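**Q** If you read the protein sequences in the order shown, they are chains D and U.
The first sequence runs 908 to 976 under the working numbering.
The second sequence runs 10 to 163 under the working numbering.
In short, the hints are calculated from the structure, not lab data.
Remember, predicted model here, so these are calculated numbers, not experimental data.
Hints may be right or wrong, so weigh each one.
Below, simulated BS3-like cross-link-like pairs (lysine-lysine); rule was C-alpha separation at most 25 Å, straight line [claimed, not checked]:
| # | chain 1 | residue 1 | chain 2 | residue 2 |
| --- | --- | --- | --- | --- |
| 1 | D | Lys-947 | U | Lys-107 |
| 2 | U | Lys-46 | D | Lys-947 |
| 3 | U | Lys-130 | U | Lys-109 |
| 4 | D | Lys-920 | D | Lys-947 |
| 5 | U | Lys-107 | U | Lys-130 |
| 6 | D | Lys-920 | U | Lys-109 |
Listed here are the chains, written in short residue letters.
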Amino acid sequence: MFVCLCGAVSDTKIRDAIRSGAHTADDVGEACDAGVQCGKCRTMIEAMILRELEQLVGPGGRNTEETPR
Amino acid sequence: MSDPVVGALNGLIAVELVAVNQYFVHAKICQHWGYEKLAARFREVSIEEMRDVEAYMDRVLLLGGLPNLQRLDAFQVGENVPEALDLAVALEESAVQKLKDAVALCESVDDLGTAALLRPKVADEEAQLDWLRTQRSLIDQIGEALYLASQVNI
Numbered sequence: 908m909f910v911c912l913c914g915a916v917s918d919t920k921i922r923d924a925i926r927s928g929a930h931t932a933d934d935v936g937e938a939c940d941a942g943v944q945c946g947k948c949r950t951m952i953e954a955m956i957l958r959e960l961e962q963l964v965g966p967g968g969r970n971t972e973e974t975p976r
Numbered sequence: 010m011s012d013p014v015v016g017a018l019n020g021l022i023a024v025e026l027v028a029v030n031q032y033f034v035h036a037k038i039c040q041h042w043g044y045e046k047l048a049a050r051f052r053e054v055s056i057e058e059m060r061d062v063e064a065y066m067d068r069v070l071l072l073g074g075l076p077n078l079q080r081l082d083a084f085q086v087g088e089n090v091p092e093a094l095d096l097a098v099a100l101e102e103s104a105v106q107k108l109k110d111a112v113a114l115c116e117s118v119d120d121l122g123t124a125a126l127l128r129p130k131v132a133d134e135e136a137q138l139d140w141l142r143t144q145r146s147l148i149d150q151i152g153e154a155l156y157l158a159s160q161v162n163i
């Protein structure tokens, strides 16, 4: 779906940018032009960053891929 | 002190304005894709939501407030029909909840006139939500391709 309507940027592109290292809304804007015009979608972009980072490292910073002891 | 009922009505206007725009953009996109039947439905709903905005504006003015049409919250646009339907379901769920909250508020301050205006809207939005969920269920039952074929006017 399109998250940033000003730049016609989809959730897929935003997620790709986050996975490639864009970990703030400004970074995402620089990487794929999302959220840089009216800024209304920035709240959603920030929520997507949190969700992606949590999936990457697990809630509270714990890596979910780590083998439990 | 600001009137809580006027605040609630302006909150509903904000929700409806998102609905007007989200349905209208999906109507035009579906038309562009060739799904004329779905496009016609989305367009019709968009215009119905605009009529709701008008009714809420009239009520705000009657209560001595100023209708706020300036607030337009962010919304998303589907890249395909199932996404457009999912976004509409989420929108209607939020609209139904906000309407119920507004009815409860109106009754708590004894504004039965506004409550009477809003009550039938709850049923209208629930009917729309039910229709959307049925479309989503049809896609699951008969498959996306068959569902999309049923939306083409040929």
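**Q** So if I understand the rule, the pair passes when the alpha-carbon distance is 25 Å or less; does Lys-46(U) with Lys-947(D) pass?
**A** 31 Å, violated
**Q** Given the hint that Lys-130(U) pairs with Lys-109(U), does the C-alpha gap stay at or below 25 Å?
**A** It holds: about 9 Å lies between the C-alpha atoms, which stays within 25 Å.
**Q** CA of Lys-107(U) to CA of Lys-130(U), is that 25 Å or under?
**A** 11 Å, holds
**Q** Sort out whether Lys-947(D) lies within 25 Å of Lys-920(D), counting only the CA atoms.
**A** Given that 25 Å is the threshold and the Cα spacing comes to 17 Å, the pair holds.
**Q** Take a quick look at whether Lys-920(D) and Lys-109(U) sit within 25 Å of each other, Cα to Cα.
**A** 37 Å, violated
**Q** Between the alpha carbons of Lys-947(D) and Lys-107(U), is the straight-line distance 25 Å or under?
**A** It holds: about 21 Å lies between the C-alpha atoms, which stays within 25 Å.
The structure shown violates the earlier hints numbered 2 and 6.
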